[in-house]
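Engineer: As you go down the protein sequences, you meet chains A and B in turn. Residue numbering for the first sequence follows numbering that gives the first Met the number 0, beginning at 0 and increasing consecutively. Residue numbering for the second sequence follows numbering that gives the first Met the number 0, beginning at 0 and increasing consecutively.
If you are wondering where the hints come from, they were derived from the structure by calculation, not from laboratory data. Some hints here could point you the wrong way.
Okay, the calculated beta carbon distance ranges per label pair [what the hints assert, rightly or not]:
#, chain 1, residue 1, chain 2, residue 2, range
1, A, Ala62, B, Ala69, 21 to 27 Å
2, A, Glu37, B, Ser56, 24 to 30 Å
3, A, Ala54, B, Gln161, 22 to 28 Å
4, A, Ala50, B, Ser71, 36 to 42 Å
5, B, Thr13, A, Gln65, 40 to 46 Å
6, A, Glu87, B, Asn142, 17 to 23 Å
7, B, Asp121, A, Ala66, 31 to 37 Å
Every residue gets a Cβ at the ideal spot worked out from N, C-alpha and C, and that includes glycine.
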Amino acid sequence: MLNTQQQPYTESRTPNERKTMPHKLIVDCSTGVTTEVELTAEEVAQREADAVAFAEIKAAEEAAAQAKADAKASAQAKLAALGLTADEIAALN
Amino acid sequence: MANTYTAIATVTATTSVANIEFTSIPATYTDLLLLYSIRSAGSYDNVSIRFNSNTSSYSTRRLLGNGSSASSDTTSGVSGSPGTAALCGAIPGTSQTANTFGNQLVYIPNYAGSNNKSVSCDSVDENNASGANAEMTASLWSNSAAITSILLLGYHGNNFAQYSTATLYGIKNS
Numbered sequence: 000m001l002n003t004q005q006q007p008y009t010e011s012r013t014p015n016e017r018k019t020m021p022h023k024l025i026v027d028c029s030t031g032v033t034t035e036v037e038l039t040a041e042e043v044a045q046r047e048a049d050a051v052a053f054a055e056i057k058a059a060e061e062a063a064a065q066a067k068a069d070a071k072a073s074a075q076a077k078l079a080a081l082g083l084t085a086d087e088i089a090a091l092n
Numbered sequence: 000m001a002n003t004y005t006a007i008a009t010v011t012a013t014t015s016v017a018n019i020e021f022t023s024i025p026a027t028y029t030d031l032l033l034l035y036s037i038r039s040a041g042s043y044d045n046v047s048i049r050f051n052s053n054t055s056s057y058s059t060r061r062l063l064g065n066g067s068s069a070s071s072d073t074t075s076g077v078s079g080s081p082g083t084a085a086l087c088g089a090i091p092g093t094s095q096t097a098n099t100f101g102n103q104l105v106y107i108p109n110y111a112g113s114n115n116k117s118v119s120c121d122s123v124d125e126n127n128a129s130g131a132n133a134e135m136t137a138s139l140w141s142n143s144a145a146i147t148s149i150l151l152l153g154y155h156g157n158n159f160a161q162y163s164t165a166t167l168y169g170i171k172n173s
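Chain A with its partners taken away, still in its complex shape (with noise of 0.2 Å):
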């Protein structure tokens, strides 16, 4: 039978190794019974690594973004030079 009540869970661990040790919830769906445990070396792994995914697309969403700029604002300096108005620049957005 399902147990679809919220369970209390315990910790047994001090407020300062809390703090320090990344840790997850895990719902057991057959009891309803959720236990409080640290993250393995693995998940711990695998989180790090996420990070570090995660900044390496930002930093090439960034760095698109910037080109991307650079080259507006190179191709509207080009157009001045040829002797485009600003509205006239800003009508071929």
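Following the hints, put chain B in place on chain A, whose structure we already have.
Structural biologist: Using the frame of chain A, we list chain B on its own:
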């Protein structure tokens, strides 16, 4: 709620946690519905989900409206989720409205079947009355295994804040 919905389990974090995981999910339903209200303990984050602790073969497409513009992208253009998890929506954190949580609905049809698993997610979050995100994501987990566990994680690597809560529903005859 329709009587075809059964609350399998629910959990509320009494302190900040890295992950919330539902395990030993019974195969007796046709679909799963995961509802959660989560706040990031970091400046902001996105919720991602993993099935059966598997870290490969996920892809996501996203539609995003933030109150002033709309966009769409794939996992490679989204903040995170390079194939190691299915991306869901953004959640607020310390840089956004205090004490608010992002609300998200994740639907997983035919979770116990032997085909690849599709996932849809609707989400909303708000930022100090200056903006809000409404997102819809469609994800695919290219794996034929029945889903027996679901892990929720902050993709930017942040913890979930205290009082974050999640409930897993099983759906029959849907």
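Engineer: So which hints don't hold here, by number, going up?
Structural biologist: 4, 6
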